[in-house]
Amino acid sequence: MSGDFLVVLAVALPFVGAGLIWLTDWNANLREATTLTTAGALIWVVLKVLDLVLAGAAPATGAFEIVPGLAIALSVEPLGMLFACVASALWIVNSIYSIGYMRGNKEPRQTIFYVCFALAIASTIGIAFSANLFTLFLFYEVLTLSTYPLVTHKANADAVAGGRVYLMMLLGTSTVLFLPAIVATAFIAGTLDFTPGGILTGKAEGPVIAVLLALYMFGIGKAALMPFHRWLPAAMVAPTPVSALLHAVAVVKAGVFTAMKVVIYIFGIDLLATSGQSTWLIWVAAASLLIGSLVALTKDNLKARLAYSTVSQLAYVVLGAALANAWGMVGGSMHIAMHAVGKITLFFCAGAIYTAAHKTEVSELTGLGRTMPFTFAAFLIGALSIIGLPPFGGLWGKWYLALGALDAGQLTIVAILMISSLLNIAYLLPIPFKAFFGTAPGGPKRGGIKEAPLACLIAIGLTSAACIVLFFYPGPILELLQLIDTGKGALP
Amino acid sequence: MIAAQLPALQIVIPLLGAVLTAMMRRGSWAWAVALAVSWTMPLIAGALLIQVLNSGPISYALGGWNPPWGIEYRIDALNGFVLLLVSLIGAVIMPYARVSVEKEIAPEKQAWFYTMYLLCLCGLLGITITADAFNAFVFLEVSSLSTYALIALGRDRRALLAAYQYLILGTIGATLYVIGVGLLYTMTGTLNMGDIAGRLDAVEDIRPILAALAFLTVGISLKLALFPLHVWLPNAYAYAPSVVTAFLAATATKVAVYLLLRYYFTVFGVTFVFETLPVSTIFLTLSLAAMFGASIVAVFQDDVKRMLAYSSVAQIGYITLGIALANQTGLTGGIVHLFNHALMKGALFLVVGAIFFRIGSVKLDDLAGLGKRMPITMAAFVVAGLSIIGTPGTAGFISKWYLAIGALEQGSWWLVLLLVASSFISIVYIGRVVEVVWFRPVGKMVAGVREPPNSMLIPSLILVAATIYFGFDTTMTAGVADRAAEALLGGNR
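Those protein sequence lines, which keep their order, are chains A and B.
When we follow the working numbering, the leftmost residue of the first sequence carries the number 1, and every step to the right adds one.
When we follow the working numbering, the leftmost residue of the second sequence carries the number 1, and every step to the right adds one.
Hints were generated in silico from the structure; no laboratory data involved.
Only true hints are included.
The calculated DMTMM-like cross-link candidates involving lysine to aspartate or glutamate, where the alpha carbons are at most 25 angstroms apart (straight line), are: (1) A/154 with B/435; (2) A/203 with A/270; (3) B/363 with B/302; (4) B/372 with A/107; (5) A/203 with A/65; (6) A/434 with A/361; (7) B/103 with B/365; (8) B/363 with B/303; (9) B/103 with B/366; (10) B/372 with B/451; (11) A/154 with B/365; (12) A/154 with B/366; (13) B/444 with B/156; (14) A/299 with A/361; (15) A/450 with A/107; (16) B/372 with A/158; (17) B/444 with B/302; (18) A/359 with A/158; (19) B/444 with A/158; (20) B/444 with B/303; (21) B/372 with B/303; (22) A/48 with A/485; (23) B/372 with A/25; (24) A/203 with B/409.
Computed Cβ-Cβ distance ranges for the label pairs, DEER-style: (25) A/4 with B/428: 39 to 45 angstroms; (26) B/281 with A/478: 54 to 60 angstroms; (27) A/211 with B/375: 41 to 47 angstroms.
Glycine residues also receive a C-beta, built at the ideal position from the N, C-alpha and C atoms.
Model the full structure from these sequences, guided by the hints.
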């Protein structure tokens, strides 16, 4: 199969899958089988594309021009490839988990849940493979709209209120800030194509760059850069599989991935490095990073704590982009993948705890480790990976980010990264420790082990194992990232 | 042979149809006539537009009297486009009309309804096709008078008041228009638009010409509901029968915009209008006031029809913004929005009509939980709503893109921010409806309802599908609008 066909297939498959899931509404088993088959087919296609990319090809489709300067086109470059791999690999794991979770909790309206989920994945792959900013924006908006029914799935007052914040902030930032930035870019550069080395060099200079960069970075609301992060905690009203895959992986990573793409292929890291117009962003990202961690410390609700942790971790990626050097790019991109695996594990555990023990607050978890040892062991692994300790994959993202900060001469940033890791320890590690070694109020519970449904445990096992595997084998990811063409040859 | 007479047929067929329906008693027979006429119109308009695009403007001498003495029908890319728009909307709405009219209008008045509709269609097409300033006035009155009657047919007693209010303001508008035409006639001695344009240069005393421009601007602006001359519109749209609202929202204001474009660019010329007078500044200010003022008012409406009416006022602001920009890209944006807005607002009002058909109310609170009972209808509402917001992938995005680039070409980057900020307000008012229909528990009014009959559902879905289609394929919309804008700016004078 030719490359361009595979690329179209990758985006089309989950769309078709969504239709099929809707049609198989009448039989729950068949419907779940459809989800799993689609997810399996998707990862197969994505891996085929990966083969091509690793062989040095850049599969691309022709452009469908809507109006002059605006075209819909797909093409694959290494960063998008990495993102597509992460999203599609975790979708299949998450689907297994969803089946256990949704059935275990007897959630209503499961068909529409799986349909929207497939649509969200389809738009995520679309974002990953967009050849220009307009196509990306199109899928970006589809992603917002298709996840709205998932956020409001519970359909109670909280869900509606959360959904309102979610929709307003994401649509608001994208129309009021992101879109004008795109319009201005098209006007200044005459194109919106993602081009190695950027398209603004020689066309924009001085404060114009800083203003455009600000419009992009705050306008890409999915990156949850403070002060536009409120939608993420609000989205936690969704069922946990949604929080796990979409609000720890697909949606938020689509945000930081877009930020990364804009920096590398629209501005060009050279333009940002030489003009110095991205320095302010380093500090904004650093602030978001620290404040997110500090707020996470104060949250007793487990999912809220994880959400603020995500806000903080997303800022790492933006920080990597803002450093505007090769190490920063590698670190940021690496962190997209590593954090995804770690955070989805934590959310899986949170969902498993809710399903098995119906607990949502951190303070209620004391002593629970004895009844759910497997879940809390996995939680510990995920937490250690997020913190960035060996032997867990999370180390690599932070490692390269620190190198990038040193390279940019920003010693303060290195210090901030260290402080943030300490904060991570402070808000994550007490959870498994108290669960294992604390005593539940009213004495230790008896009755042996009571874990979540098997499907949930399989998924948890897979992702926590991946946290460890990625520490020992980060090679393939590095290899892929080194193919990124920044306009001045490959990355180190 | 027939092909040469198409311009006349475009007007004569609906006129004859109106006469025919006036002699009928049975609403269903009249409907059949109206349907036949409405389905013929796009064929003629399409044939005309193709001919124009292939071989340039068509000039047709009515009754064989050559211009400038006789009345000339003249079709170029711009009015060919508007003719097609008006007749397409008519063709889509007519199948929908039958059940809706049976529900909302007393049986003995139904045949009259179709007579008035056909007269209105004839008037709107006439305004668009004619190149004679006074003939345009005649058609303006034909369409206006029939519109007053159509609005007054609304079941709510307030419809009478709304029709009366529109009658007063519409008449003032028409009077101002005819005064303007009179002034032009005094100064140039001709009523043919092309002819007036040719002779204006030779006129030495430009004060009466300026006065004519002012009269025409205000007169036409009343008809197109330019803020703050829009006060008739919300009531008229809210209390008119559903079909009428959909038809008027999609066509009447658009034709008035066309007339304004024709006077500004063909008759007076760009230089005269935009350089001797601060027309650009005035229109810019009023457009922005409409975009924000009317959108904010829309947010606070409890009646969905009224909300959409205010949204229309705001959307007209986008179209006039394109006129204010007066450059190629901006004007293209304005013209293409004329088309796109007709599609999406037509779709929305059709959906609202279908809701009224089922539950007999369009108060927001009465719609609680409707999404669970009429999922397809409400999904259509959401998609058309996204187009109003200007989401990429819908027709609404295309217009706003052109407007934004047009603003940047003029160096007005702040205008881009205002443009998107006003889109944001539309997220709020569309979002309110979405929340009520999907997330409130099913209310009393909604409990037993189901999807509307297919004759209502399918026309709504056709328009909704069109808003998506024209969000991707813009060769017909933006392509033609671009050519029209080029012709307008290229100095037809």
